[in-house]
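Asks: Line by line, the protein sequences give chains A and B.
With my numbering applied, the first sequence has no gaps in its numbers, which climb one by one up to 2215 at the end.
With my numbering applied, the second sequence has no gaps in its numbers, which climb one by one up to 2215 at the end.
None of these hints come from the bench; they were simulated from the model.
Hints are supplied without guarantee of correctness; some may be wrong.
Stated by the list, open to error - Restraint-style ranges between C-beta atoms, simulated for each label pair:
1) A:E1859 to B:T2051: 37 to 43 Å
2) A:R2127 to B:T2051: 38 to 44 Å
3) B:R1751 to A:M2104: 51 to 57 Å
4) A:L1862 to B:E2011: 45 to 51 Å
5) A:D1569 to B:F2139: 33 to 39 Å
6) B:T2051 to A:Q1867: 49 to 55 Å
7) B:R1662 to A:D1501: 54 to 60 Å
8) A:R1495 to B:F2139: 38 to 44 Å
9) A:G1721 to B:E2011: 40 to 46 Å
10) A:R1495 to B:R1571: 22 to 28 Å
Stated by the list, open to error - Covered stretches of chain B, going by a simulated chain A footprint (3 or more residues, C-beta under 8 Å):
11) 1494-1505
12) 1681-1691
13) 1694-1704
14) 1909-1921
15) 1931-1940
16) 2057-2067
Cβ coordinates follow ideal geometry from the N, Cα and C atoms, glycine included.
2 protein chains.
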Amino acid sequence: MSGAIGVAQRRLEGGDKASGRTAYAADVRLSGALHAEFVTSPYAHARVTSVDSSAAQAMPGVVGVFTADDIGTLGLLAKGEVFYAGQPVAVVVADDRRAAADAAEAVRVRYERLPAIVDPRLALRADAAKVLPDELRSQRADAGAHGADAAQHASSARVNVCGESHFARGNIDEGMRLADVVVAQRYRIPALYQGYLEPHASVAVPDSDSLTIYTTTQGQFAVREEVCSMLGLPEHRVRVVAMTVGGGFGAKFVKLEPVVAALALRTGQPVRMVLSRSTDFLQSRPGTFAEIDVRIGARSDGTLTALQADLLMDAGAQEDGTVGIAAMMLGSTYRVPHLLVDGVEVLTHKTPTGAYRAPGAPQAFFALESAMDELARKLGQDPFEFRLRSAVQKGDPRANGAPWARIGLLEVLETARSHPFWQERKKGEDEGYGVAAGGWPSGTEPAAAACRINGDGSITVQVGSVDITGTNTTFAQIAAEVFGVGTNAVAVKAGDTDTAPYSGSSGGSKITFTVGSAVLQAAQDARQQVLEMAAQELEASASDLDMSDGRVFVRGAPSRSVNVADLARRTTAYGGTAAPLVGRGRIAIKRGAPGFAAHVARVRVDRRTGEVQPIGYLAVQDVGRTINPMAVEGQIRGGVAQSIGRALGEEMRWGDSGQLLSASFLDYALPRASDVPPIEVALVEVPSEQGPFGAKGVGEPPAVPGAAAVVNAVADATGARVRELPLRPEAVLRAMSGEGQ
Amino acid sequence: MSGAIGVAQRRLEGGDKASGRTAYAADVRLSGALHAEFVTSPYAHARVTSVDSSAAQAMPGVVGVFTADDIGTLGLLAKGEVFYAGQPVAVVVADDRRAAADAAEAVRVRYERLPAIVDPRLALRADAAKVLPDELRSQRADAGAHGADAAQHASSARVNVCGESHFARGNIDEGMRLADVVVAQRYRIPALYQGYLEPHASVAVPDSDSLTIYTTTQGQFAVREEVCSMLGLPEHRVRVVAMTVGGGFGAKFVKLEPVVAALALRTGQPVRMVLSRSTDFLQSRPGTFAEIDVRIGARSDGTLTALQADLLMDAGAQEDGTVGIAAMMLGSTYRVPHLLVDGVEVLTHKTPTGAYRAPGAPQAFFALESAMDELARKLGQDPFEFRLRSAVQKGDPRANGAPWARIGLLEVLETARSHPFWQERKKGEDEGYGVAAGGWPSGTEPAAAACRINGDGSITVQVGSVDITGTNTTFAQIAAEVFGVGTNAVAVKAGDTDTAPYSGSSGGSKITFTVGSAVLQAAQDARQQVLEMAAQELEASASDLDMSDGRVFVRGAPSRSVNVADLARRTTAYGGTAAPLVGRGRIAIKRGAPGFAAHVARVRVDRRTGEVQPIGYLAVQDVGRTINPMAVEGQIRGGVAQSIGRALGEEMRWGDSGQLLSASFLDYALPRASDVPPIEVALVEVPSEQGPFGAKGVGEPPAVPGAAAVVNAVADATGARVRELPLRPEAVLRAMSGEGQ
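One chain only, chain A, in its complex shape:
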């Protein structure tokens, strides 16, 4: 072991990104490429009575105008009826982007408006009309790819329910009777746009017997599977090239790829599509709106007796799948003898929602950790003591009764409590500190990797995952550690779906955990091959050999050694007598490694305006084992920044008739650098059982507790409790005036 892991390492691809050399999907400009633009519905719900494309077809440069009748719905296009404002009704293909955009405006679509169900409570009513016809009800749910193990069943009683979760333990009424104090409140969390720098963009290029798709995606193999499934193509004839992603956060799974693929096959030419920001707002799948009722009871000593929660999640005009994770995490974080959690997910005539970083968990933990804070305050208990008394640990039952694996919830709470940020807290005037915990179950997916020793002894790791968070840098560290070399001696190369080993999508906090394990296995395998070659050369047993800095030597007799490069050259030379050195990793981890975080926010509240300014922050997280502290801390800081956006500004809003009111960054308040306070980070290492060197996925947990921490800090500063995100100044003022408390 050389100490390559645990050492801060700048992201290997960072230079090209910073200097502008990196090519993104929209930079793929092929000669002869056509451009596609959508014609979108202005109405949230309407029948499409006619599409007249004659004027558009006659415009210069226009190749064709296609509807679902021509190319299928492809998961996006309306077929006879539209179900959300902004849904594509047709797609125009032209020689260049401007011609396509002009022609899209010239397509005359006649609509017969239908009543739009925008409010999820109305959609839930027994007498509600169906939001979607039955045949559109079995779409893939993106958030499902994030790993709920909760049972979800569609209810037939309420026609618009598209997902349900139900967990029970003990007797909830009995539990509430045992409580000395009960908090019962409703919490609202809006839908959130993922806010990446790069809108959706895809290019498809037809070949005589195959198709290549360049795209911005978190999972190229997922794109391949879905495109093949939609278009009826075999997977070995479709190549997906994941370009560098300009931000994903759960929104970049499959979007435009089936459309450009179908158009490329139809026209026989490359077809390129790049969403404008406003169309991206309309069609991306934002994080899910949730309204969560929590009733939680405790004895006066702080022992929890009962937890009841009702979750209502609004999926928009397509099934989502987030409610399962939300309900599970909400019911699994604290030991409680009497539990009842009911979750429903309902369809409405709005942009379909989906995965936004830890889908379901920030919603669940905003409600849970707000309620826990209210309860602690009512009991006059320290927020850490109160949580530590009931926090789950290994063996405790989750909501579904299955036991927790070894987790670090206690450890992160204890670390946060003993951290100087908390111990030495200085509460100035109108200032407060808020505590919240949160976690993420972590996903699993089979993964493969290869590790090749090149002819000069340098090392190339081959993976199929998409690097959205610095995972390639982490893989280089893992391989460097195995070979006892510096990280610079390793290159990590992500091939496309034709050339790369299989990997799941970069979502669910699982790439370091799963692909990293495959990389470790592949590197160890290649190392063993080198040792066996060296053993022959040195007339020693491979088990007596060690390796560092490009040399293999006899342990205890380091002068008996051979250069790795000298061995490797024999495997890549004309007439060479040794097989190429190629290590292989193939893994299927069957159980995730859940990750927990404890956050403490410090805020200052302007009592005159109600404005909240975060002025300090502590994020503590169990990462299993830190491979690249710089990447891990970067993830945590990013998660905190997004949580502050969630707490203080971001909201996807729709008007009464279903029009999106926040379809630009003028109307959608991402946090700015000045909104984000200095962040202190503390890492806790409770090793996972299967991740490389004990590492866990770290991407999602830091996005979970932040909003509750901020809101709890406001309560600490002012005594005022706001239960609806984002936390608007006027709501803070109202709460401070005692309204609704």
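For chain A, the structure is supplied; the task is to place chain B on it using the hints.
Replies: Chain B only, in chain A's frame:
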């Protein structure tokens, strides 16, 4: 076994080539790319006294003018002295190709002319001046990559000898004394341009910590190694992307890549270079000129007693390495007790020569098979009987004394003899039949491959070899055979040097033999993984299972079965519990599988003009095992066509001062379709010990015997013998008049 092998299969990539979709290196047009053009020497030997680029530098769009002083010689650029006409002296980089070309003309180079040694016999003289200074004498020899196992040593006695081969057995004088008949003649074979459709083209793109090169090459890993070696870069930081090759024939190993790489690093921008046809003629490394003296003696019954040969090969202005193969094959084909072979390779001030399809072998066999034919005629023996009496077989000594492996020389001669083309030969007026044999030792190089089962059960084979002859189609058949599916269920994908498994260059008739073996191993490995998954599912032992048409079934109980696709989907799904199915092949075959061919040409000679028209042809070849008959026959037909060019028209000629006189297709006579007769092909299968299913490399043997077969046919038709290629009508007329016989 499904019968995927042995079945004619159109080349999988043929459709894209025929429809114009295929992208070649020159089609890589990147925005911001600079273009490079050479300034070349008009003189064969001169001192460069000054390079004045001031006028060129001032021209619009010119970025820079670079000489070896700026960027190194990079294997091409002159440094102070030029050694052949057409050698680059400087390279101009500009915004577009026209600006670069205009500026190249504006670079003023002053030369001091030096005496040029053009004739290799003069270069051999003891008092000859040195053609090259010593420090330029250790360049890589391209033909070395084709696999001579003969000893080659540079002689110090003759200053311009750059390679020597010497083989002796018995006592040559004694052997000649035992002969009843002796033939002693000199044969001349000119240098030949490889005549591919696509001139050399390369593009290099710099990144912040790496470099990508798109190029036309037969071996992307060889390019990577050489570029890294020349520029001092580690191999894991250089990516070489082998574009589809528009013909290689031995000339496309490494050429422009180091130049564009150095210029890209120097300018920080992509640099593109595409040779014009005339520059390609001047700088490509044509097949080697040879002058071979053969003295061969036999008893009157046809038993060979002695074989002596002196080979003089002209390497031009750089070491070549062809003489070893030529000398070895010349001395290893017939059993002869007394053998003496001496070969020298000499430097001259001409374009450096190199590999052209079976480098050295067509030269050697033209001499050997012409001499054998002369001897058979003198003895009045049937050409087949005469050869069969002495043809080598397994265990016979090669020229170096090492025994032959199992080979098929006897079998191809016997098959040709019994073929109707020969048995039912009809010799019209002025017509004749000529027989010749030839062979190729076959190369080896370590190779790796992977075989992946995709989520839908389709199969992707991953290789790093460059497909110049349909090898990817052959690999698909190999994998299809293993899985019991149609070839269409398999895709073969060649990644670049970052993403692909290691493979040697596509030269030396070794890709099917070596990479094909790795593909077979990888497919068998993946098949075993599938069987083991199925065994669990079917509660059977994997050894009791078989597979075909996408199903695994219990042998003897085929209704107990499971779909491969159903198994595979579990390895590529969120939460999947089985590792991805990835078979691996890693092989190092230590001994080649030599391939032999026997050809029979039928010609008609115009007695008035001396013109020779081939009117029929039989090519018999031992291919070990036929995997794709269509590809094998295509190789054979192409080899015959090139041999007819070699026999009747092609010649690289230089003037007395070293100027290339044949620098365009107006001056260089490639055969046209009308010159090539109908070709009958017969395949012989003497299985190799290590190739996949017994296959051998088939690319080079069919290019070997043809010229001798044509010349022998002319002798059969007219009694006239021409010993200098190409066979010009005036030489035929002279020979018919009895001159020089």
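Asks: State for each hint whether it applies.
Replies: Cross-check of the supplied hints:
| no. | hint | in the structure |
| --- | --- | --- |
| 1 | A:E1859 to B:T2051: 37 to 43 Å | 41 Å, holds |
| 2 | A:R2127 to B:T2051: 38 to 44 Å | 42 Å, holds |
| 3 | B:R1751 to A:M2104: 51 to 57 Å | 53 Å, holds |
| 4 | A:L1862 to B:E2011: 45 to 51 Å | 47 Å, holds |
| 5 | A:D1569 to B:F2139: 33 to 39 Å | 37 Å, holds |
| 6 | B:T2051 to A:Q1867: 49 to 55 Å | 26 Å, violated |
| 7 | B:R1662 to A:D1501: 54 to 60 Å | 56 Å, holds |
| 8 | A:R1495 to B:F2139: 38 to 44 Å | 41 Å, holds |
| 9 | A:G1721 to B:E2011: 40 to 46 Å | 41 Å, holds |
| 10 | A:R1495 to B:R1571: 22 to 28 Å | 23 Å, holds |
| 11 | 1494-1505 | holds (count 3) |
| 12 | 1681-1691 | holds (count 4) |
| 13 | 1694-1704 | holds (count 3) |
| 14 | 1909-1921 | holds (count 5) |
| 15 | 1931-1940 | holds (count 4) |
| 16 | 2057-2067 | holds (count 5) |
The structure fails hint 6 only (numbered hints given earlier).
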